[in-house]
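Given the sequences, and given the hints that come with them, work out the whole structure.
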Amino acid sequence: MAAVGAPPPRASDCVTKDFFGKSDPFLEFYKQTETGWQLAHRTEVIKNNLNPTWKPFRISMQSLCGGDVEKLIKVDCYDYNNSGSHDFIGSFQTTLSQIQQATQSYAAEFECINSKKGKKKGYKNSGVIIIKQCKTVKEYTFLDYIMGGCQINFTIAIDFTGSNGDPKSPRSLHYINPQGYNEYLAAIWAVGNVIQDYDSDKMFPAFGFGAQIPPTWQVSHEFPINFNAANPFCAGVEGVVLAYQQCLPQVKLYGPTNFAPIINHVAHFGRQALQQQTASQYFVLLIITDGVITDMDQTRSAIVNASRLPMSIIIVGVGGANFEAMEFLDGDDGTLRSATGEAALRDIVQFVPFRQFTNCPQEALAQSVLAEVPGQVAGFFKLMGLKPPHSDSTLSDPLPSAPPSDPI
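Using full-length UniProt numbering, the first residue of the sequence shown is number 1, and each one after it goes up by one.
Derived by calculation from the structure, the hints in this document are not laboratory data. Among the hints, a few may not be true.
What the hints assert, rightly or not - Pairs of lysine to aspartate or glutamate, EDC-like flavour, derived with a Cα cap of 16 Å:
#1 117 with 87
#2 202 with 238
#3 74 with 34
#4 31 with 70
#5 116 with 76
#6 55 with 44
#7 47 with 79
#8 124 with 109
#9 71 with 34
#10 22 with 79
#11 124 with 111
#12 55 with 28
#13 132 with 109
#14 31 with 68
#15 74 with 109
#16 387 with 139
#17 74 with 28
Given the structure is predicted, the values throughout are model-derived calculations rather than measurements.
Printed below as a string of structure tokens:
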């Protein structure tokens with residue numbers, strides 16, 4: 001996907017529309033469609049200024065001109081009014097091809113014309129819009145990165161805390177019924193079956209947390225469920241399921257429910273991958289849990305740190321516990337911050353309560369759980385200015401303020 005980056009457009013000598021003082025101008029960019037003009041981008045309002053400079057912005061070529069550089073684009077300039085009835089200053093039409101003539105050494109200038117004033121004696125224009133620079137850059141999609149050699153590394157972490165109940169009891173969330181089912185297994189199958197298609201070797205490290213483990217019976221928050229610390233990898237989803245079934249009778253469910261150790265464990269590998277300065281690896285951690293996090297402050301800090309790495313975290317909540325804390329970690333309602341106030345660079349946590357999908361097809365859970373991962377993968381590498389490993393195209397300089405999804 002191609003996107004247009006437009007460092008600040010500015011205007012000179014805008015017509016004063018306010019009775020007292022100066023205008024409050026803003027611009028609207030319109031895409032031409034079969035039925036008329038469709039708004040593609042609106043700039044911010046610049047208060048009390050007849051020579052405004054607007055912020056740089058990025059927009060996909062599809063949104064601006066349908067990918068056709070010769071297709072007409074209309075730009076309207078308005079004077080903002082609190083009432084919502086904005087005063088028209090002027091307009092011009094151009095094409096992306098003409099706008100692209102703007103370079104660091106040559107600005108593209110367009111006269112803003114108000115047709116109602118065109119017949120007035122001495123009228124020339126209502127101001128000039130100056131585009132100082134325009135660049136077209138390649139924007140890679142999730143599939144571009146996967147097809148270009150990016151490896152998705154999938155890690156599973158399973159909650160073995162005492163609040164799950166005795167695995168031998170049918171009331172336990174870890175109880176495997178005669179049909180070979182429990183909510184933990186259902187989540188592993190649903191998510192694993194989808195994500196393994198993006199993992200070339202289909203070898204998944206799987207860990208448990210919150211249990212006392214042999215031989216010392218010390219509580220561990222990141223033990224390999226195959227009890228092989230040197231090789232915690234399981235062969236495919238089937239291997240994870242088998243290791244889980246064999247692990248259950250060998251550990252004692254205990255507590256507390258600490259997420260930070262396993263997040264930091266995966267983040268360690270993400271940090272190593274980032275040092276390579278390539279988009280060759282991305283890490284997805286699936287945490288399946290039944291309860292309230294005990295180490296919330298440490299978990300928040302771990303997530304904030306991980307937000308700067310090629311890493312996403314999926315949390316599936318099983319059982320009927322109160323999952324408000326999980327919703328808090330899923331920063332959809334605002335930016336997650338550590339206990340010290342440090343903000344996450346991006347939202348990397350997706351929380352899904354399993355109970356919402358009890359009577360739904362397995363595919364529905366997988367779709368919901370993995371919905372945000374493609375955008376997170378492409379968004380992170382775009383933020384870092386990293387192209388797919390096997391790509392001849394290059395990305396422009398990374399833009400720290402650019403959003404993860406297609407910029408609008």
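Evaluation of the provided hints:
1. 117 with 87: Roughly 14 Å separates the two Cα atoms, so the pair holds.
2. 202 with 238: holds (10 Å)
3. 74 with 34: holds (14 Å)
4. 31 with 70: holds (12 Å)
5. 116 with 76: Since the Cα atoms of residue 116 and residue 76 sit roughly 14 Å apart, the hinted pair holds (cutoff 16 Å).
6. 55 with 44: Roughly 8 Å between the alpha carbons, so the hint for residue 55 and residue 44 holds.
7. 47 with 79: Holds. Residue 47 to residue 79 sits at ~9 Å (cutoff 16 Å).
8. 124 with 109: holds (14 Å)
9. 71 with 34: holds (12 Å)
10. 22 with 79: Given that 16 Å is the threshold and the Cα spacing comes to 9 Å, the pair holds.
11. 124 with 111: Judged against 16 Å, a Cα distance of about 9 Å means the pair holds.
12. 55 with 28: Holds, at roughly 13 Å.
13. 132 with 109: Roughly 8 Å separates the two Cα atoms, so the pair holds.
14. 31 with 68: holds (11 Å)
15. 74 with 109: Distance ~14 Å between residue 74 and residue 109 Cα, so the pair holds.
16. 387 with 139: holds (9 Å)
17. 74 with 28: At roughly 8 Å apart (the allowed maximum being 16 Å), residue 28 and residue 74 satisfy the hint.
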